[in-house]
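Peer 1: Sequence:
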Amino acid sequence: MSDLTPESFEEEKYVAYFPQLQQAYKDAFNTMNEQYDSTLIHGIDQQILNESEPHYEGDGEFTIDLPENPKERLTAVVVAEEKLEAILEEYLEEIRSQLRKQFDLS
Numbered sequence: 000m001s002d003l004t005p006e007s008f009e010e011e012k013y014v015a016y017f018p019q020l021q022q023a024y025k026d027a028f029n030t031m032n033e034q035y036d037s038t039l040i041h042g043i044d045q046q047i048l049n050e051s052e053p054h055y056e057g058d059g060e061f062t063i064d065l066p067e068n069p070k071e072r073l074t075a076v077v078v079a080e081e082k083l084e085a086i087l088e089e090y091l092e093e094i095r096s097q098l099r100k101q102f103d104l105s
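Start counting the sequence shown at 0; every next residue gets the next number (numbering that gives the first Met the number 0).
Be careful, since some hints might not be right.
Said to hold, decoys possible - As a list, the in silico SDA-like pairs of lysine to any residue whose alpha-carbon atoms are at most 20 Å apart: (1) Lys25 / Ser37; (2) Lys100 / Leu3; (3) Lys100 / Gly59; (4) Lys70 / Gly42; (5) Lys12 / Arg95; (6) Lys82 / Glu92; (7) Lys100 / Asn29; (8) Lys70 / Asp44; (9) Lys12 / Gly59; (10) Lys12 / Ile63; (11) Lys70 / Glu92; (12) Lys82 / Gln34; (13) Lys70 / Glu81; (14) Lys25 / Asn49; (15) Lys12 / Ser1; (16) Lys100 / Thr62; (17) Lys100 / Tyr13; (18) Lys70 / Pro53; (19) Lys25 / Ala15; (20) Lys25 / Ser96; (21) Lys70 / Glu84; (22) Lys12 / Glu56; (23) Lys100 / Gly42.
What the hints assert, rightly or not - Just the calculated beta-carbon pair ranges, DEER-fashion: (24) Glu81 / Asp103: 33 to 43 Å; (25) Leu65 / Ala15: 21 to 31 Å; (26) Val76 / Asn29: 13 to 23 Å; (27) Val14 / Ala79: 36 to 46 Å; (28) Asp2 / Ala79: 39 to 49 Å; (29) Glu10 / Tyr35: 33 to 43 Å; (30) Lys25 / Leu104: 14 to 24 Å; (31) Glu11 / Val77: 35 to 45 Å; (32) Ser7 / Ala79: 38 to 48 Å; (33) Thr74 / Glu52: 17 to 27 Å.
Just so you know, the hints here were simulated from the structure itself, not pulled from any lab data. Every residue gets a Cβ at the ideal spot worked out from N, C-alpha and C, and that includes glycine.
Using the sequences and the hints given, assemble the complete structure.
Peer 2: This is the structure we're talking about:
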């Protein structure tokens with residue numbers, strides 16, 4: 000089990016933990032890309048998640064802050080709002096799952 004704390008994660012996420020963050024996002028992208036239209040997943044990745052901010056809350060739980068107006072940011076593909084919301088939530092859960100794996104919290 001990891002000794003990761005919310006404080007250490009915030010202080011070190013873009014220094015010491017950056018490789019794990021990159022790998023978690025990459026693995027989540029690959030998983031989602033296998034399940035859904037690659038144009039949609041690529042658009043979400045490049046236009047919404049590129050400015051997302053992961054946070055460690057403790058007890059193995061991560062949150063992902065999205066940029067303002069994430070739905071309006073997606074211009075690369077036309078998709079129904081309900082479908083986008085559902086897929087985006089699944090994508091965020093996949094990122095959280097991959098972060099738990101990367102930091103040995105699962």
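Peer 1: The structure should be examined with respect to each hint, and the outcome stated for every one.
Peer 2: Each hint tested on the structure:
1. Lys25 / Ser37: Answer holds: lysine 25 to serine 37 is near 14 Å, not above 20 Å.
2. Lys100 / Leu3: holds (13 Å)
3. Lys100 / Gly59: With Cα atoms ~10 Å apart, lysine 100 and glycine 59 stay inside 20 Å; holds.
4. Lys70 / Gly42: holds (11 Å)
5. Lys12 / Arg95: Status holds; Cα separation ~14 Å.
6. Lys82 / Glu92: holds (15 Å)
7. Lys100 / Asn29: Measuring from Cα to Cα gives roughly 15 Å; hence the hint holds.
8. Lys70 / Asp44: Holds - the C-alpha atoms of aspartate 44 and lysine 70 are around 12 Å apart, at most 20 Å.
9. Lys12 / Gly59: holds (15 Å)
10. Lys12 / Ile63: Distance of about 13 Å is within 20 Å: holds.
11. Lys70 / Glu92: holds (17 Å)
12. Lys82 / Gln34: holds (14 Å)
13. Lys70 / Glu81: holds (10 Å)
14. Lys25 / Asn49: Between lysine 25 and asparagine 49 the Cα gap is close to 12 Å, so the pair holds against 20 Å.
15. Lys12 / Ser1: With a Cα-Cα distance of about 15 Å, the restraint between lysine 12 and serine 1 holds, given a limit of 20 Å.
16. Lys100 / Thr62: holds (15 Å)
17. Lys100 / Tyr13: Holds, because 18 Å separates the two Cα atoms, which is no more than 20 Å.
18. Lys70 / Pro53: Within the cut-off at roughly 19 Å; holds.
19. Lys25 / Ala15: Between lysine 25 and alanine 15 the Cα gap is close to 18 Å, so the pair holds against 20 Å.
20. Lys25 / Ser96: holds (12 Å)
21. Lys70 / Glu84: Holds - the C-alpha atoms of glutamate 84 and lysine 70 are around 8 Å apart, at most 20 Å.
22. Lys12 / Glu56: Holds, at about 13 Å.
23. Lys100 / Gly42: Outside the cut-off at roughly 25 Å; violated.
24. Glu81 / Asp103: 33 to 43 Å: holds (36 Å)
25. Leu65 / Ala15: 21 to 31 Å: holds (24 Å)
26. Val76 / Asn29: 13 to 23 Å: holds (18 Å)
27. Val14 / Ala79: 36 to 46 Å: Between valine 14 and alanine 79, where Cβ atoms are some 40 Å apart, the hint holds.
28. Asp2 / Ala79: 39 to 49 Å: Cβ of aspartate 2 to Cβ of alanine 79: about 43 Å, so the range 39 to 49 Å holds.
29. Glu10 / Tyr35: 33 to 43 Å: holds (35 Å)
30. Lys25 / Leu104: 14 to 24 Å: Since lysine 25 and leucine 104 have Cβ atoms about 18 Å apart, the given range 14 to 24 Å holds.
31. Glu11 / Val77: 35 to 45 Å: 39 Å Cβ-Cβ, so the 35 to 45 Å window holds.
32. Ser7 / Ala79: 38 to 48 Å: holds (40 Å)
33. Thr74 / Glu52: 17 to 27 Å: Check passed, 21 Å falls within 17 to 27 Å.
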